[in-house]
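**Student:** Here's the letter readout for the chains.
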Amino acid sequence: MSKPIIYSLDAMSYEEDNMIPFTYSGGIIKKSEIRISNSSDNEVIYSGTQTSGSTQFLLPADSIDVTTYGTQYYVQIRVTENDNTKSSWSDTRFVYFITTPTFRFSNISEDEVIGQSYVELQLLYYQLESEQLQEVIYYLYDSSKTLLASSGVNYDVSVLKYKFNGLTDGIYYVRAKGETVHGYQVDTGYIKINIDYIIPETFSNFYLTNNYNSGQIEYETNIISVDYHGDDEFEYEDGYINLIEKTLIYDRGYNVADNCTFIIKGKDMYRSEVVFFSLHDSNKKFGFYITAYIYDDDKIRYKLVANNGLDNYILYSPPIDELESSDLVAFWVRKKESIYSFKVYINEVEVV
Amino acid sequence: MVFYGTTFIGGLYTAQPTPTNAENLTYLTLHGGKYSDLYGTKEVESQPTLDIPDEWNWNTIMRADFSTGTTVAGNVDWLAENVSVVAIKRRIQGTFDWYTVATYPIEVEEDFTFKGVDRFNQSNVTYEYAIVPYDLENNPGVYSIIPVDSNFDALFVVGADATYKTFHTSGNIDTTRNITGNYNVPLNDRYPVFFHSGLMNFDSGSVDGAFYDLDEACQMVEDVGYFYKKGLMDFLTDGNPKVLKHSDGRIWLIQVVPSPTDSAQNTYKIRNITFNWIQTGEHDDNEDMYWANLNDVEEIYWDRI
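Line by line, the protein sequences are chains H and C.
Numbering of the first sequence is given in the numbering used here, commencing with residue 180 and proceeding in unit increments.
Numbering of the second sequence is given in the numbering used here, commencing with residue 476 and proceeding in unit increments.
This is chain H alone, in the form it adopts within the complex (with noise of 0.2 Å):
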């Protein structure tokens, strides 16, 4: 007499249908009996039958009740053929059953938009029964699912976190799949992140020469970093920089080697004797400023004043009767070869 032969068996969730696959050489199947039963006492906790000639035996969601993690319990199927001859059972075949693990990723969620040209993928993994992570494996695709790249498989599950370089603004999917170490298979199935950070102009920061004779391709950059490194916190109001009582320092990042033209524009600047714009040496010795001096009859006058180490280089713009606060003020300084212009407007008109 043929006794089935039941397929190995990797961990199963207890809280899902499970199919038990088996085969059997013998007559055609008209039903099939499992028992499953606690390998430590062997006492049965579970045997059903299944009326049909399939040979994999449905094991419907929460059939099972598992107390005790780490239990091993061993499960046998018999058929009995259509003429009612019943196969001797089979040999046991040992599985574990758990709890459905969690398996998600932590740190993105579906639709995220991610502002960066790469995404670090954060795995939660936990299970009730605490079965151990054994593998997992870190996917990602392009927007019509195609693989883009893959993580390979990772043994070391103690940090289940994984990186990917080198995204541009699109749509990706990513997913993970592991295994437990009794071979229970978890996914997260695919996640939909959209890539959207905003890729600066750098055709004028960033050059490239294909040079056709030496077969090379020849790069060059002009990337200017000049910025703030202050501790002030500026306010800003209806596209202006409120620098009334604070002062905006540029100390590095350029130089201003020779020739140079400067264009400032504000408002709010009937002030006197105050330094408005400055651009000196690193030892203050040397450079221009732009200052005012407001008169009894209340006319601003605006003067480049540069420092040659004698005396002071001035220019003066004419008196400007009446300006109000709310009045564009704009400078225009030019020094060339050591020559300087100066040019004050008023409202965008050039003050004469």
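Derived from the structure by calculation, the hints contain no laboratory data.
Hints should not be assumed to be uniformly reliable.
As the list claims (entries may be wrong) - Okay, the calculated beta carbon distance ranges per label pair:
hint : chain 1 : residue 1 : chain 2 : residue 2 : range
1    : H       : V332      : C       : N741      : 55 to 61 Å
2    : H       : Q295      : C       : E585      : 23 to 29 Å
3    : H       : S461      : C       : Q522      : 31 to 37 Å
4    : H       : E195      : C       : V583      : 58 to 64 Å
Because the structure is a prediction, the values reported are computed rather than measured.
Each residue gets a CB set at the ideal place from its N, CA and C atoms; glycine is no exception.
With chain H's structure known, arrange chain C on it following the hints.
**Tutor:** Just chain C, lined up with the frame of chain H:
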């Protein structure tokens, strides 16, 4: 000394003392008002205007647009104190994997300005090059990408420190793809069954070329070229990996195998160098190029898994 302008002192643009020369102006302040724009350029020939160009160019010194709500006055929002490295990467347009060409450590703002060459590029492709800042924890920032057509006109053998070239009209590459496997024809079938055994799958081939020395105008140097060809033979036999590339787009990471020859073509003055090679990796794989000593970018800056 005081020069008088167009009117007496007190008039417009009068009282002009000795012009002053000032260099290395590196300390700028803005104060005493509400400001919308600050712009500096090295350009001094244009007519006075308040128009501030949107585009940066080589003359631009700084440009702060305070309407953006920031004090950034450069053309990037990177600060040297927040950036450890800037990487140059490339990939063929339309593909995913980036190859890191080079990295540049950043300590001060001036380190952001650099130039370099990528000698291991392929011909007949359009590349995307990216410039990528890494933060202090070596996380990559945004990829600023520029496309470029990569083309050249010859056959190149490129090593870590030298490049040799021969025009494709005087040089060629023939290859064989090497795989392992066998086939048998079952008795009851007309066609054989192929058994693929092992992962081996690489090209090998031979190169034959004139390899003449070229002058600065890329014209052939009219002499026997002994020293040039001796240099090439020493280069081919130094035992180091190289990149072999052709103007038609073929490219390999190779090792020259014994033994290159230098043979006369009818007359002793016209000589060809011939050598055999095997492919030892991928020219656009950072790991392969690193171990071939053709790229020194550290693993932390590789993108390919």
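**Student:** All hints, please: hold or fail.
**Tutor:** Here is how each hint holds up against the structure:
1. Between V332 of chain H and N741 of chain C the beta carbon distance is about 59 Å. The supplied range of 55 to 61 Å therefore holds.
2. Taking 23 to 29 Å as the suggested C-beta distance range, the pair Q295 of chain H and E585 of chain C conforms, at roughly 26 Å.
3. Range check, S461 of chain H to Q522 of chain C: Cβ separation about 33 Å, and the 31 to 37 Å hint holds.
4. Here the CB-CB span from E195 of chain H to V583 of chain C is close to 60 Å, well matched to the stated 58 to 64 Å.
The structure is consistent with each of the numbered hints, conforming to all of them.
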